[in-house]
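Trainee: Sequence:
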Amino acid sequence: MTYHVNEKGYYGEFGGAYIPEMLYPNVEKLRQNYLKITAEPEFQKEFDELLKDYVGRPTPLYYAKNLSEKYKAKIYLKREDLCHTGAHKINNTIGQILLAKRLGKTRIIAETGAGQHGVATATVCALMGLQCIVYMGEVDIKRQAPNVARMKMLGAEVRPALSGSRTLKDATNEAIRDWINNPVDTYYIIGSVVGPHPYPDMVARFQSVISSEIKMQLLEKEGKESPDYVIACVGGGSNAAGAYYHFLDDADVKIIAVEAAGLGVHSGESAATSALGKIGIIHGSKTLLMQTDDGQITEPYSISAGLDYPGVGPMHAHLFASKRAQFISITDEDAMNAGLALSKMEGIIPAIESAHAFAALDVMKFNEEEVVVVNLSGRGDKDLQTYIDYFKL
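Per this note's numbering, the sequence shown starts with residue 1, numbered consecutively.
Certain hints may be false.
As the list claims (entries may be wrong) - Below, a list of computed lysine-lysine pairs in the DSS-like style, where the Cα atoms sit at most 30 Å apart:
1) 215 x 278
2) 323 x 72
3) 36 x 215
4) 52 x 221
5) 8 x 215
No lab work stands behind these hints: they were computed from the structure.
All values reported here derive from a predicted model rather than from experimental measurement.
The task is simple: from the sequences and hints, build the whole structure.
Mentor: Structure follows, in structure tokens:
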């Protein structure tokens with residue numbers, strides 16, 4: 001039994017490539033070439049050098065003394081917030097931009113919710129001198145204004161998605177439409193472990209540097225490579241996929257996935273896909289999806305712009321369905337309080353997405369010898385206005 005993707009692009013029953021005919025040549029070319037290209041020594045060398053010298057990897061694995069005392073366990077934070085651009089997203093965009101260049105593409109498109117993937121895409125396009133267009137929901141453009149400004153400073157064009165809930169799902173729809181209309185010169189950098197195969201696997205591989213470093217760093221700090229728990233927030237799920245990757249088939253490592261319950265799982269204002277989702281197809285893959293009885297996608301909600309996606313990546317759908325991972329749903333209120341608590345206890349202001357992962361510590365029980373790694377996927381600068389409004393700071 002493996003929890004990794006199979007040769008047909010499926011994780012258990014989830015995954016695949018359900019795409020319009022117009023996109024088939026693009027996706028098929030990518031599928032046939034991504035493993036071959038990324039395995040080339042020249043690709044590996046360039047990727048590793050950029051991660052080291054441009055992104056600032058390896059990111060620290062920080063022993064959080066105050067949190068450890070509070071929760072009676074050895075709690076480590078994987079500091080993805082210290083990456084260049086402020087989140088883990090840059091690991092994937094560097095990998096994909098190198099791939100796009102080798103495939104001869106000159107125009108890059110992306111979708112973004114919280115704006116971190118948009119910033120990371122705009123960053124690598126500036127680095128490589130390629131045209132960049134980022135689709136972002138109109139609602140997210142308003143609540144993530146600092147990231148919109150960053151993208152524009154980096155030379156990207158930010159195009160608003162004006163349909164539906166005007167958030168991440170709708171930005172993704174617009175990006176796919178663009179790709180269908182411009183299949184020859186355009187490469188679509190998907191920001192999470194979603195979309196048609198090979199994207200979920202490809203993004204997970206680029207993000208797997210996170211768990212690769214955790215293993216090396218834990219060996220140095222604890223004398224063993226594997227933690228007892230790995231905790232990460234899940235929207236589409238790229239930070240979680242990266243943190244889990246090298247532990248997926250290690251049954252001794254407990255995998256904890258934390259979703260956004262919004263105003264409450266059954267409030268009608270939620271993004272807790274594991275609790276509310278049924279099997280369906282979204283953005284090119286078969287996965288768990290929030291939908292009505294007749295198959296219409298339900299509008300998700302979360303205070304965090306990066307977690308209000310109505311589905312979840314196929315890897316995570318499989319981890320849930322197979323019970324390999326425990327899924328926990330956290331409300332806006334609990335996430336915001338956890339973000340404030342981390343700020344005051346450890347001097348680290350997390351992205352609201354990451355704050356959901358920390359809130360899970362309050363509903364779990366550990367023993368003092370257990371090693372718990374929480375993936376701190378992004379920094380809170382982009383969410384400052386939301387924190388200010390929420391706590392009336």
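Trainee: Where does the structure disagree with the numbered hints, that is, which hint numbers, in rising order?
Mentor: Number 1 - this is the single hint that the structure violates.
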